[in-house]
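Spelled out, the chains give:
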Amino acid sequence: MNTPKELKYAKSHEWVRFLDDSTALIGVTDYAQDALGDLVFINLPEVGDMVVSGEVFTDVESVKAVSDVYCPVTGQVAEVNEELLDNPALINEDPYGAWLIKVTGITDTEELLDADAYEKRCAEEEG
Amino acid sequence: MKLIFERSRPGVRCGLLPPCDVPKALPAAPLRSCPPRLPEVAEIDISRHYTALAKEAHGVNDGFYPLGSCTMKYNPRINEEMAALPGFTGLHPLQPVETIQGALEVLCMAERLLCEITGMDAMSFQPAAGAQGEFAGLLLIKAYHASRQDTVRKKILVPDAAHGTNPASAAMAGYDVVSIPSNERGCVDLDALRAAAGPDTAGLMLTNPNTVGLFDENILEITNIIHDAGGLCYYDGANLNAVMGIVRPGDMGFDVVHLNLHKTFSTPHGCGGPGAGPVGCRQFLAPFLPGEQAVEQGGGFTLEQSTASIGRVKLFYGNFLVVVRALSYLLSLGREGIPEAAQNAVLNANYLMTLLQDRFDIAFSKGVMHEFVITLEHEKKRTGVTAMDIAKAMLDYGIHPPTMYFPLIVHEALMVEPTETEGRAALDEAARILHEILDRAQSDPAALHSAPQTTCVGRPDEVGAARTPRLRYSFPAAQ
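Going line by line, the protein sequences match chains E and W. Here the first sequence stands for residues 1 to 127, where the numbers follow the numbering used here. Here the second sequence stands for residues 1001 to 1479, where the numbers follow the numbering used here.
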């Protein structure tokens, strides 16, 4: 499992890459893409939408199921990665390159884990 | 096998029509400029085409079909005979009511019997399938709140073990969906439900027994919590087969139900229809029912639509001949047979589970009703063999796989519902086959990754099909 050290992680399997104090890219982790399986469809919010820490901001669909994706931060959507709409497989191929949204004006975050703590948590989930 | 277009030969026709002996009177405007590209085949080509297709399919008449939550029970032939009566098949939906008294009596009789089974007061046969029944049911709930000017109720509570159609139907009806977690016993978490229920609750959608096959032990408490909050309770009838004729959703506190006649009442499932998902309700919701209702009046039958109706959700009276089949089933089994079928469905599921549980992990095995869920999570870790591999291997033994990867709260899930129409020998054989597949999973996992070997299609490219679906036939360029 790939867990880059420079990122922060939410328990619900999203990663956060802070670009500055109030701006970040959000994506889903390697662990999550592996558990979901091959992704075939993704919804993305609109630029300008407000996202709230701990709440669902979009969903992804694999051949197995549709799954909600939670936002680890509160703020406003500044950009969405439109490339994913045509090719959601990018998330499977490169989960840390395939960011979903860029959030600006971040006012709040969920309790975020560092890479070690996140890996430990995934190992616990595996039982 | 060949597609029907590949059987096409120019100039070949099916019918021998006499020459037209009246003047052609069609105006030119609506006529196509070129004929449609239909396959040109003789009747024998069509017969052979569909026979070939049927040979490559697997239905209940071919073998064991334990598709969880789908209730793939046998469809008795007498249902087909009744539905094929010319008095039914020759009807036109716009005939005057005095010429369709028998058909209206069928609707009234089926409504009365199904209301008796569900504890409801009225039922509409308009919805063509379960999901449409759910949607119509939610519109009843919405119409009820609107009629009381109670406009703040925006939320429908749905347990996380629900069928995927439940949240989808609620969203279609314009509601926000709130997911309620299950507790460690596989039932609704009452504290979470209490915390979620409030003045903004429009209603609850619940399947009982639920999708892990359990009858919720707190069902009365659950419906009370919702009613105390001012919401209504919706019963998804997908799993009614476990309890029909024994316990009634109305007595559990539900206000609206939908039934899947094509599951519980032995009408054919299939290939997109026709199904029937009638929606039933208690008296206070009856004025909102969709479309026209058949009613008994002055010794005969007529059709009526209430002014408060939510309107039609389908043309005319739903899939009428499916209702004829369900009525035939109800009358064949009768008051004793209906609960006995439910008891045998539960007995069969528990018998098969008992034959398997020494080697297969069962999620929530205590108090299982008509279906149970196997989890292959440990097998996947030990051998790399997944629920998908086991399901594909079953095809090589002539068994239709169980429902896979559902419910979502169980990982590597196989959801098994044998139904009441399988005998003990069939269940013993299915258990033997599953043990044999598990032996192979442990001794030669690679072989299972490449199953099935004997079917006309191996493993379809599901990812490719979902990402880049080809939905049109490409005609050869020469034509």
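Any given hint could be a false lead.
[Unchecked claim] Subject to a maximum C-alpha distance of 25 Å in a straight line, what follows is the list of computed PhoX-like cross-link-like pairs (lysine-lysine):
| hint | chain 1 | residue 1 | chain 2 | residue 2 |
| --- | --- | --- | --- | --- |
| 1 | W | Lys1314 | W | Lys1142 |
| 2 | E | Lys120 | E | Lys8 |
| 3 | E | Lys11 | E | Lys102 |
| 4 | E | Lys120 | W | Lys1381 |
| 5 | W | Lys1380 | E | Lys64 |
| 6 | W | Lys1055 | W | Lys1002 |
| 7 | W | Lys1024 | W | Lys1002 |
| 8 | E | Lys5 | E | Lys120 |
| 9 | W | Lys1314 | E | Lys11 |
| 10 | E | Lys11 | E | Lys120 |
| 11 | E | Lys64 | W | Lys1142 |
| 12 | E | Lys11 | W | Lys1380 |
| 13 | E | Lys102 | E | Lys5 |
| 14 | E | Lys5 | E | Lys64 |
| 15 | E | Lys64 | E | Lys11 |
| 16 | W | Lys1142 | W | Lys1154 |
| 17 | W | Lys1380 | E | Lys120 |
It should be emphasised that the hints constitute simulated quantities derived from the structure, not laboratory data.
Each hint tested on the structure:
Our distance criterion of 25 Å between C-alpha atoms is met by W/Lys1314 and W/Lys1142, whose separation comes to about 19 Å. Between E/Lys120 and E/Lys8 the CA atoms are separated by roughly 14 Å; this keeps the pair inside 25 Å, and the hint holds. With a C-alpha separation of about 19 Å, the suggested pair E/Lys11 and E/Lys102 falls inside the 25 Å cut-off, and the hint holds. Restraint check for E/Lys120 and W/Lys1381: the C-alpha separation of about 18 Å stays at or below 25 Å, so the hint holds.
Note on W/Lys1380 and E/Lys64: the hinted pairing holds, with a Cα-Cα distance of about 16 Å set against a maximum of 25 Å. Between the alpha carbons of W/Lys1055 and W/Lys1002 the distance comes to roughly 13 Å, so the proposed pair stays at or under 25 Å and holds. For the hint pairing W/Lys1024 with W/Lys1002, the CA-to-CA distance comes to about 37 Å; that exceeds 25 Å, so the pair is violated. About 13 Å separates the Cα atoms of E/Lys5 and E/Lys120, which keeps this hinted pair within 25 Å; it holds.
Restraint check: the Cα-Cα separation between W/Lys1314 and E/Lys11 comes to about 45 Å, which exceeds 25 Å; the hinted pair is violated. The suggested pairing of E/Lys11 with E/Lys120 holds, with an alpha-carbon distance near 11 Å, which does not exceed 25 Å. Pair hint E/Lys64 plus W/Lys1142 does not hold up; C-alpha atoms about 32 Å apart against a cutoff of 25 Å. Restraint check for E/Lys11 and W/Lys1380: satisfied, since their Cα atoms lie roughly 24 Å apart, inside the 25 Å limit.
For the suggested pair E/Lys102 and E/Lys5, the alpha carbons sit about 20 Å apart, so the restraint of at most 25 Å is met. For the hint pairing E/Lys5 with E/Lys64, the CA-to-CA distance comes to about 30 Å; that exceeds 25 Å, so the pair is violated. Among the hinted pairs, E/Lys64 with E/Lys11 is consistent with the structure: their alpha-carbon atoms are about 22 Å apart, no more than 25 Å. Our distance criterion of 25 Å between C-alpha atoms is met by W/Lys1142 and W/Lys1154, whose separation comes to about 9 Å.
Restraint check: the Cα-Cα separation between W/Lys1380 and E/Lys120 comes to about 21 Å, which is no more than 25 Å; the hinted pair holds.
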